[in-house]
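> Residues per chain, in single letters:
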Amino acid sequence: MRFIKAEKVTFEYIRRDEDGNVEGINRAVDSVSLDVKEGDFISILGANGSGKSTFAKHLNSILLPTEGTVWVDGMDTKDEEKILDIRMATGMVFQNPDNQIIGQVVEEDVAFGPENMGVPTQEIIERVEESLKTVGMLDYRKDSPNKLSGGQKQRVSIAGVLAMHPKCIVLDEPTAMLDPVGRKEVIRALRALNDVEKITIILITHYMEETIYSDKIFVMNKGKIAMEGTPREIFSRVEELEEYKLEVPQITKLAYELKKQGLRLPDCVLTVKELADALSR
Amino acid sequence: MPIITDHLTYVYGSKTTLQKTALNDVSVKIDDGQFIGLIGHTGSGKTTFLQLLAGLIKPASGTVYLDGEDIYAKDFDKRTLRSKLGIVFQYPEHQLFEETVFKDVCFGPKNLGVDDKETELRAYEALKMIGLEDEVFYQSPFDLSGGQKRRVAIAGVLAMKPKILILDEPTAGLDPAGRNDILGLILKLQKEQGMTIILVSHSMEDVAEYADRVLVMDKGSIVFDNTPREVFKHHEELKELGLSVPQVSVAMSKLREKGLPVKTDAITVEEAVKEIIRVLR
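Chains A and B are the protein sequences, given in the same order. The first sequence maps to residues 10 to 290 in my numbering. The second sequence maps to residues -15 to 265 in my numbering.
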């Protein structure tokens, strides 16, 4: 089933001088059309300024398209009466966990969302417990968020969104500020949410290796969708990605260079295991 | 202008119930022109260490010698420290504030008391060094792309002509091309101007590629101090410290497990390609 449909979405920022006169128009998103199926794990790649974040903000009505339409779970994001339903259907997680955590205690922070939705107390308690369990943070429920590592904080942010029972979570560079283990923890939690809870995941990232398990990758360039396909389709186009200021995961790069040297390898290698299998044959 | 830290210790919330030793008895010597990669999980003490090197906070005990002088001595003039040692904080572009790019870069040297003519000359040189086009000089820094803003912020530090440049995660949140630009610039500063570089990074791949020496921090202490090749041999220990090794290093170990007799100490794609080709031919 289709969960998100964007049709020719364009978004323009209007630049004004001090007197409020229009100085120019920046088209941050330029006629983007895409479909996301319910339960998919989607990644969006693109250089800084390619329009990824601006587009993502259209997925729960933070921004409304200048032209075109976005449907989330069948609802038009421009429909003001549906705005709460849309925001409950799609949760967002941002880059810096410190800006998203407001509670003094982990479980209090996670309860903030459902509390605001008017969920009955007993159910909030259940939801908090279940969300923290899903991201592997239940042991820290009584702790102060200040004491947590970056990866743990980010998982608490995700639990906070989960407690609102969304069908989809959009994450805008959730791992940019994390250390390697923190990064792995977050990505593992996302894969589990997708696999087990069937939550649709839309991940924006600059780390190519985080996207190799996606069902589909969209590459944005100058506000447009420049490439779309499975990780294997995308990462086999090394030179094209470089044009868009991106790269391929280090393992893929290694296999690509070995192939150039004349070794017989499959077209696009994504994991260490694949490379080892191919070379030891 | 070597830096020596002598039993450097820092305690947060000293004599309170929240007392925490953030840096514990660190003694290292950093020689001129070295490119140091400083790694460690979130909360391991990296930032505290940098702040102490830059004279921004006072140690509980121990001290820092810059060029033989104790920077925490009563009669030490902190202004000389500012001109010798430049520090680029996380997300330095948040500190841009002037009307034009050029004025922003002038701010540092002006504050050091450098005369106007020299200030402008330095600003011009710094902006050329970071590879910014002339026509951007008189634009508002807020109209630039993320990667450009960050380079302007770095230029602001370079205009103070430091001999030592400290950078705290300078590539966080940048796309791969932007990351390579910044790291290439830093390498150029080290190679061409003999600048000492201390780079904090969460990217093991970047540290492997650029640093001559890696310091690994954990719980306020330095637990490894060696070349990247030696440090990244410790796969298991690093994992326990919340870190990892470059993806190619993992690949080489895996290949060896699978029976391909490769040496496992490659830390860059280039080295791994050579080694695999050597074994297979």
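Hints in this document: simulated from the structure, not taken from any laboratory. These numbers were taken from a predicted model, which means no experiment stands behind them. It is possible that some hints are incorrect.
Below are the DSSO-like pairs computed for lysine-lysine, each with C-alpha atoms no more than 30 Å apart in a straight line [as the list claims (entries may be wrong)]:
1. A:Lys142 <-> B:Lys203
2. A:Lys156 <-> B:Lys203
3. B:Lys203 <-> A:Lys282
4. A:Lys66 <-> A:Lys14
5. A:Lys268 <-> B:Lys242
6. B:Lys223 <-> A:Lys156
7. B:Lys242 <-> A:Lys269
8. A:Lys207 <-> A:Lys225
9. B:Lys247 <-> A:Lys269
10. B:Lys147 <-> A:Lys193
11. B:Lys4 <-> A:Lys269
12. A:Lys193 <-> B:Lys247
13. A:Lys268 <-> B:Lys217
14. A:Lys193 <-> B:Lys94
15. A:Lys156 <-> B:Lys247
16. B:Lys258 <-> A:Lys282
17. A:Lys282 <-> B:Lys242
18. B:Lys258 <-> A:Lys268
From chain B, some residues computed to sit far from chain A (all C-beta separations above 12 Å) [claimed, not checked]:
19. Ile(-12)
20. Gly52
21. Leu65
22. Glu104
23. Tyr122
24. Leu128
Don't be surprised by glycine CBs; every beta carbon is placed ideally from N, CA and C.
> Hint by hint, note whether the structure agrees.
Here is what the structure says about each hint:
1. For the hint linking A:Lys142 to B:Lys203, the alpha-carbon distance of about 27 Å falls within 30 Å, and the restraint holds.
2. Restraint check: the Cα-Cα separation between A:Lys156 and B:Lys203 comes to about 14 Å, which is no more than 30 Å; the hinted pair holds.
3. Between the alpha carbons of B:Lys203 and A:Lys282 the distance comes to roughly 34 Å, so the proposed pair goes past 30 Å and is violated.
4. Taken as a hint, the A:Lys66 and A:Lys14 pair is honoured in the structure, with Cα atoms around 14 Å apart against an allowance of 30 Å.
5. With a C-alpha separation of about 19 Å, the suggested pairing of A:Lys268 with B:Lys242 holds against the 30 Å cut-off.
6. As the CA atoms of B:Lys223 and A:Lys156 are separated by approximately 21 Å, the hinted pair is consistent with the 30 Å bound.
7. Of the supplied pair hints, the one linking B:Lys242 and A:Lys269 holds, its CA atoms being roughly 23 Å apart against a limit of 30 Å.
8. Proximity of A:Lys207 to A:Lys225 is assessed by CA-CA distance (about 15 Å); at most 30 Å being required, the pair is judged to hold.
9. Taking the CA atoms of B:Lys247 and A:Lys269, the gap is about 21 Å. The hint holds against a cut of 30 Å.
10. Taken as a hint, the B:Lys147 and A:Lys193 pair is broken in the structure, with Cα atoms around 36 Å apart against an allowance of 30 Å.
11. A C-alpha spacing of about 53 Å is found between B:Lys4 and A:Lys269, which places the hinted pair above 30 Å, so the restraint is violated.
12. Proposed proximity of A:Lys193 and B:Lys247 is supported: the alpha carbons are some 27 Å apart, at most 30 Å.
13. Restraint check: the Cα-Cα separation between A:Lys268 and B:Lys217 comes to about 26 Å, which is no more than 30 Å; the hinted pair holds.
14. In summary, the hint linking A:Lys193 to B:Lys94 is not supported, as the alpha carbons are separated by about 44 Å, beyond the 30 Å threshold.
15. Proposed proximity of A:Lys156 and B:Lys247 is contradicted: the alpha carbons are some 41 Å apart, above 30 Å.
16. With a CA separation close to 20 Å, the supplied pair B:Lys258 and A:Lys282 stays within the 30 Å bound.
17. Among the hinted pairs, A:Lys282 with B:Lys242 is consistent with the structure: their alpha-carbon atoms are about 10 Å apart, no more than 30 Å.
18. Using a Cα cut-off of 30 Å, the hinted pair B:Lys258 and A:Lys268 holds, with the two alpha carbons roughly 12 Å apart.
19. With a cut of 12 Å on Cβ distances, B:Ile(-12) stays outside the contact zone with chain A, its closest approach being about 28 Å.
20. At the 12 Å boundary, the C-beta of B:Gly52 stays outside the reach of chain A, the nearest C-beta of that chain being 35 Å off.
21. With 12 Å as the threshold on Cβ separation, the claim that B:Leu65 sits away from chain A holds: the shortest Cβ distance comes to roughly 28 Å.
22. Against chain A, the non-interface label of B:Glu104 holds: every CB pair exceeds 12 Å, the least being about 26 Å.
23. Here B:Tyr122 stays apart from chain A, with its beta-carbon at least about 15 Å from theirs, past the 12 Å limit.
24. Residue-level check failed: B:Leu128 sits 9 Å from the nearest beta carbon of chain A, not beyond 12 Å.
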